[in-house]
Amino acid sequence: MPQEMTELRDKYLRHDKKFPHVWCPGCGNGIVLGSLIRAVDTLGIEKDDLVLASGIGCSGRLPTYVDFNTLHTTHGRALTFATGIKLAKPTLTVMAVMGDGDATAIGGNHFIHAARRNLDLTAIIINNQIYGMTGGQHSPTTPYGCKATTSSYGHIEHAFSIADLAATAGAAYVARGTVYHTTMLDKLIVQAVQKPGFSVVEIMSNCHIQFGRRNEMPDPVTMMNWFKEHAVRPDQADNIAPDSLDDKFTIGVLADVEKPNYIEEYQHIRDRAKGDS
Amino acid sequence: MASNRKKKTVLLQGNEAIVEGALAAGCRFFAGYPITPASEINELMSAKLPGLGGTFIQMEDEIASLGAVIGASLAGVKSLTATSGPGFSLMQENLGYACIAEVPCVIVNVMRGGPSTGLPTSPAQGDVLQARWGTHGDHPIVVMAVSSVSDCFSVTVNAFNISEKYRVPVIILSDEVVAHTRETITLSTPETVEVVDRITPNVPPEWYLPYEDNSRGVPPMAAMGDGYRHHVTGLIHDAHGYPTQRPKEVEAFTRRQFRKITNGFYEIQQVKKFHMDDAEIAVIAYGAVSRSAHRAVVRAREQGIKAGLLQLITLFPFPKTAVVSALRQCNTVMIPEMNMGQISREIKRVNQEKTKIIKHNRIDGQFITPDEIYDKLLRE
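The listed protein sequences correspond, in order, to chains A and B. Residue numbering for the first sequence follows my numbering, starting at 1 and increasing by one per position. Residue numbering for the second sequence follows my numbering, starting at 1 and increasing by one per position.
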């Protein structure tokens, strides 16, 4: 295993990039990056053929470290840039990694419309329930009652589920994983990339510095244990009384539907337009 | 096939001529959001691009439209978006991204009365300084104005060429009058249109530095997927494209952005002159207003007044040389604008109070007529 890790590190990390990275010790973002690299390696995608786009925030720095075609865009807009790239060069595999505030607050409009449009993109959303880089302000996924630097009396808004939002908006594939369940996470990312159409993997991740410290989970281990104890597989969920599901969340594949994807549909339009002229 | 190569004389509106110009320049991607008075550009692109193997997409808003345009350009495809005031405001964020990441693309803003929803869809020229300064931070920008259907074709081709050559976003300011005026235009055949493409790297991928300085200040640009894997970011970056905060690298980066445009002044700053050789009184105008100005100058000449017209095609980088030469030559310069005086502000700045300047501003959503300009010329 260590040798395999060394090989993957040598193959996929950028060696001309000035490390260290920007993330805090114990940050879940590194686990997501590891999982993403293993998924790409499993899929056998050539580095030249993969585009990794991001928005702004701690997650936004993730592409900087890997040796793909990488793009660090504006806040919330990663999917719009990814849309242009995929349409201009459909042979590329295009992924976008985003944070919870990035993808569903400032980028919420782009997110639901990308899902509705069903262009073949993979959205990896690292949900740490907080704005980390800017200092711990509450995000659309900060749970009710939790403390953040802009909700020091306890959060009075209600969080929404990113995965449910994606599924309702029409994403072809929706899954949720955590940085604790890494074996499952590797598989979910592989499936998401393989799925034609818009796919989403929401990843529950730890920001023990900005979220955990204010909410009685001040270190990565406590947060990992929280993920372990509160994550429920869909098949298990059926056997648990609804009352005790309140503070739990489901992990695994949550939606997987067949529908025509945008690239195929647009090719039909091109064929028709050429036939007409 | 042979008949296709013949020059075609057609009746087009300005918006349609912009589409023809973009396609002639090699544009094969368009992303936009519906807005009057720019919608015809969206509609025509959606009809024409698929047949040419290109792509049209209607996005969820103007922020997304410019994001997609930048993405497509990074993948190597010449890209266009078109909007009007409210949408142009939304684009300012990603416009800055196109500046800092040096992504060629063309943005058409068909101006209407503002601010906010303003006067849809009466003519105005209120977005001139927004085009210059709308996105935050220090940056040079290229802004061009169209005055006729024929301009819409040629300036659009030009805008793409400048955009590709200098790796910059180029803004075309049109207005409601130009957009919807129908005129006959003789479309150039594809072979006669001069088309400039971005320079791509000719070194092996391992030697490629995506933001390395050179004599032109414009680094060669590799398309995503062409084997030159690199990082593109909206952070100030070093020659590798990686974020930097080292003062020397930051300053070198920003200065290069300005230098590459300054180096190109001779071809970027475009103006047209009518009767300027012996002019004693000049009108300086741009966009649709320059048409009225042209008519007024012709009438004034008939009355023996030595009037001339300096029409600004390029508004920014501000064509100082041409403007100063008109100011020094004439006793009086008149500046008609459909705003409170956005270009006259620039002209006054370079005039340094040496030549008499008369402003003529209309902000009632009505077009400035030749008579208004002519009457003022007569009074001088």
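Just so you know, these hints were derived from the structure itself, not from any lab. Careful, some of the hints might be misleading.
Claimed, not checked - Once the Cα atoms are required to be at most 30 angstroms apart in a straight line, the calculated DSS-like pairs of lysine-lysine come out as:
no.: 1; chain 1: B; residue 1: Lys354; chain 2: A; residue 2: Lys17
no.: 2; chain 1: B; residue 1: Lys354; chain 2: A; residue 2: Lys274
no.: 3; chain 1: A; residue 1: Lys47; chain 2: B; residue 2: Lys359
no.: 4; chain 1: B; residue 1: Lys320; chain 2: A; residue 2: Lys259
no.: 5; chain 1: A; residue 1: Lys17; chain 2: B; residue 2: Lys8
no.: 6; chain 1: A; residue 1: Lys274; chain 2: B; residue 2: Lys248
no.: 7; chain 1: B; residue 1: Lys320; chain 2: B; residue 2: Lys354
no.: 8; chain 1: A; residue 1: Lys274; chain 2: B; residue 2: Lys48
Stated by the list, open to error - Just a sample of chain B residues kept apart from chain A, beta carbon distances all over 10 angstroms, derived:
no.: 9; residue: Gly217
no.: 10; residue: Met224
no.: 11; residue: Val298
Said to hold, decoys possible - A few chain A residues that don't get close to chain B, going by computed Cβ distances all over 12 angstroms:
no.: 12; residue: Glu7
no.: 13; residue: Arg61
no.: 14; residue: Phe68
no.: 15; residue: Thr73
no.: 16; residue: Thr83
no.: 17; residue: Lys86
no.: 18; residue: Thr91
no.: 19; residue: Gly107
no.: 20; residue: Thr222
no.: 21; residue: Val253
no.: 22; residue: Gly275
This structure is a prediction, so every number in the text was calculated from the model and none was measured. All C-beta atoms, glycine included, are put in the ideal place defined by N, C-alpha and C.
Outcome of the hint check:
1. Using a Cα cut-off of 30 angstroms, the hinted pair Lys354 (chain B) and Lys17 (chain A) is violated, with the two alpha carbons roughly 55 angstroms apart.
2. Taken as a hint, the Lys354 (chain B) and Lys274 (chain A) pair is broken in the structure, with Cα atoms around 60 angstroms apart against an allowance of 30 angstroms.
3. Distance restraint check for Lys47 (chain A) and Lys359 (chain B): the Cα-Cα separation of roughly 59 angstroms exceeds the 30 angstroms cut-off, and the hinted pair is therefore not satisfied.
4. Between Lys320 (chain B) and Lys259 (chain A), the direct Cα distance comes to roughly 57 angstroms. Violation of the 30 angstroms bound is thereby established for this hinted pair.
5. With a C-alpha separation of about 54 angstroms, the suggested pairing of Lys17 (chain A) with Lys8 (chain B) is violated against the 30 angstroms cut-off.
6. Simply put, Lys274 (chain A) and Lys248 (chain B) have alpha-carbon atoms about 53 angstroms apart, too far for the 30 angstroms limit, and the pair is violated.
7. A hinted pair counts as satisfied when its Cα atoms are at most 30 angstroms apart, and Lys320 (chain B) with Lys354 (chain B) qualifies at roughly 15 angstroms.
8. Taking the CA atoms of Lys274 (chain A) and Lys48 (chain B), the gap is near 10 angstroms; set against the 30 angstroms cutoff, the hint holds.
9. The Cβ of Gly217 (chain B) sits about 23 angstroms from the closest Cβ of chain A, beyond the 10 angstroms cut-off, so the non-interface label holds.
10. Remark: the non-interface label on Met224 (chain B) conflicts with the geometry, its nearest Cβ contact in chain A lying 4 angstroms away (cut-off 10 angstroms).
11. Every Cβ of chain A is farther than 10 angstroms from the Cβ of Val298 (chain B); the closest lies at roughly 42 angstroms, confirming the non-interface assignment.
12. Non-interface status of Glu7 (chain A) relative to chain B is upheld: no Cβ of that chain comes within 12 angstroms, the nearest being about 19 angstroms off.
13. The claim that Arg61 (chain A) is not at the interface with chain B is violated, since a C-beta of that chain comes within 12 angstroms of its own (minimum 8 angstroms).
14. A beta-carbon of chain B is positioned within 12 angstroms of the beta-carbon of Phe68 (chain A); the least distance is around 6 angstroms.
15. Chain B draws Thr73 (chain A) into its interface by the beta-carbon criterion, the shortest separation being 7 angstroms against a cut-off of 12 angstroms.
16. For Thr83 (chain A), the requirement that its beta carbon stay farther than 12 angstroms from each beta carbon of chain B is not met, with the minimum near 5 angstroms.
17. With a minimum CB-CB distance of about 8 angstroms to chain B, Lys86 (chain A) fails to clear the 12 angstroms threshold, and the non-interface call is violated.
18. Interface exclusion of Thr91 (chain A) from chain B breaks down, the closest Cβ pair being 7 angstroms apart, not more than 12 angstroms.
19. Here Gly107 (chain A) does not stay apart from chain B, with its beta-carbon only about 9 angstroms from theirs, under the 12 angstroms limit.
20. Non-interface call for Thr222 (chain A) relative to chain B: holds, since the shortest CB-CB distance, roughly 32 angstroms, exceeds 12 angstroms.
21. The beta carbon of Val253 (chain A) is kept farther than 12 angstroms from every beta carbon of chain B, the shortest such distance being approximately 27 angstroms.
22. A beta-carbon of chain B is positioned within 12 angstroms of the beta-carbon of Gly275 (chain A); the least distance is around 9 angstroms.
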